[in-house]
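In case you want the letters, here they are:
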Amino acid sequence: MVSRTNKIECHLESSREVSIIMTTTEQNIDEILIPILEKVSDPEIPVLSIMDMGVVRTAVIEKDMVKIQITPTYSGCPAMDVIGDDIKSALKAAGYDSEIELILAPAWTTDWITPRGRKALEDYGIAAPLNAEADISVLLEGKRLVKCPQCGSTNTRLVSQFGSTACKAQFQCDDCQEPFDYFKCLK
Amino acid sequence: MKNKNLYNYILGIADNSLILGQRLGSLTGHGPSLETDIACTNMSLDLFGQVRSYYQYAAKIAGDNRTEDDIAMLRKEREYVNVLLVEQPNTDFAYTMARQFLFDVYHLSFLQELQKSKDLTLSAIANKSIKEVSYHLRFSSDWIKRLGDGTAVSHQKMQDAIDGLWTYTDELFHQTEADKAMVAEGIGVDVTLLKEAYYEKVKAILDESTLQTPESKWFQKGGKEGVHTEHLGYLLAELQYMQRAYPNMEW
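Line by line, the protein sequences give chains W and F. Here our numbering is used: the first residue of the first sequence is 1, the next is one more, and so on. Here our numbering is used: the first residue of the second sequence is 1001, the next is one more, and so on.
Some hints here could point you the wrong way.
As the list claims (entries may be wrong) - Calculated lysine-lysine pairs in the DSBU-like style (CA-CA distance at most 35 Å, straight line):
hint	chain 1	residue 1	chain 2	residue 2
1	W	K88	F	K1201
2	F	K1060	W	K187
3	W	K187	F	K1076
4	W	K92	F	K1060
5	F	K1076	F	K1131
6	W	K147	F	K1201
7	W	K39	F	K1131
8	W	K67	F	K1145
9	W	K92	W	K67
10	F	K1201	F	K1131
11	F	K1145	F	K1060
Claimed, not checked - Label-pair restraints from in silico Cβ distances:
hint	chain 1	residue 1	chain 2	residue 2	range
12	W	P179	F	G1029	40 to 50 Å
13	F	D1070	W	M65	26 to 36 Å
14	F	K1116	W	P78	28 to 38 Å
15	W	R157	F	G1063	11 to 21 Å
16	W	E38	F	A1204	31 to 41 Å
17	W	R116	F	E1077	29 to 39 Å
18	F	V1227	W	K39	52 to 62 Å
19	W	E26	F	K1116	29 to 39 Å
20	F	E1230	W	P78	24 to 34 Å
21	F	L1193	W	A93	30 to 40 Å
22	W	P78	F	Y1234	45 to 55 Å
23	F	H1030	W	P179	40 to 50 Å
24	W	Q27	F	D1190	31 to 41 Å
Said to hold, decoys possible - Covered stretches of chain F, as calculated for chain W (at least 3 residues, CB under 8 Å):
hint	region
25	1090-1099
26	1231-1238
For the record, the hints were derived by calculation from the structure and aren't laboratory data. Quick reminder that beta carbons are idealized off the backbone N, C-alpha and C, glycines included.
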């Protein structure tokens, strides 16, 4: 709770104008900025760029200033402050000053992870999220749907609903016996 | 302060999450198993994340120089308006899960209504939090069933926990002055309307867990007016220690 000096304040306006921005699910990102932002990764999942994760909602250049809006995966995600700092330094290195805002609406969903992002997760050893209906049965009814990122078997089981970070659950493969993280589905 | 009712209303929501988050967070390294330890601290993290959004908004409404941290760390015990339920101690794991379950059922139904608030910030926070809180409810319900329908000992421990905490449930549905004012403006949730469905939902899970639903009609109250059980003072002493000992310190 106690602040870092440069932590991001959540953007919490409630004017009409802002509400329009808050309800759109489309990203608004200047093409010039994409290659820079793609180099910034989630500090807890270094193989996944913030672009593939879908946390960057707006990135526009206004005069000499880049304005970025990011949205947290989970409300309490401690990576957001670090991601904000990393974006600022990446843009600084490319010659831009920037302002970062954290927005809450529309709320992030695992659907925003790109196909390339899902592939990066799998290669890294984290099972990518299934769809929402599958998720409930995977977690509660012991159905075996989550694919082991090591051997590809779906003979896997839930070990713990909560894993190493807020966005992951702990699974184990009953074929190759490897434990692995599953990126929880969030819709 | 111009918008005192809205400010107090936000604190009424957020203080519950702060205090429950602190209770869960103090299980770090003390959970009964690694998985449950991690689960409790993950839920704590979710609640703290939600609290930050609420307190930032409250700080903005206050319009003076106070920050989210001032609101979290520098109030006196009587200025916290959380319900008595969430400040009850982590006596044993059955008790911790019963407390979580009795709050989660309320929390989820409250957020589902808050999503419809005319206040777009509160609505956005609710919309974000629902995804996390439904996961909490899934976790706590699961443990009510596992312990309730488990061994004779686990069943007895869970029944004792439910019986012990039952007296704090009715307060969830008490309206404060700020509540009434915000309901009238279409911003707040009318908690009295959530009560019936709450007890039905709780009973359904308790039935499934082979547990008895308590019949006691005597309920404790006071938290929403700042009159707390003895446990909150000790919790705050720990929560506030660093800010009191080293004012204005930052990470």
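Problem - Hints breached by this structure - result: Hints 1, 3, 8, 11, 12, 15, 16, 17, 19, 21, 22, 23, 25, 26 contradicted; others consistent.
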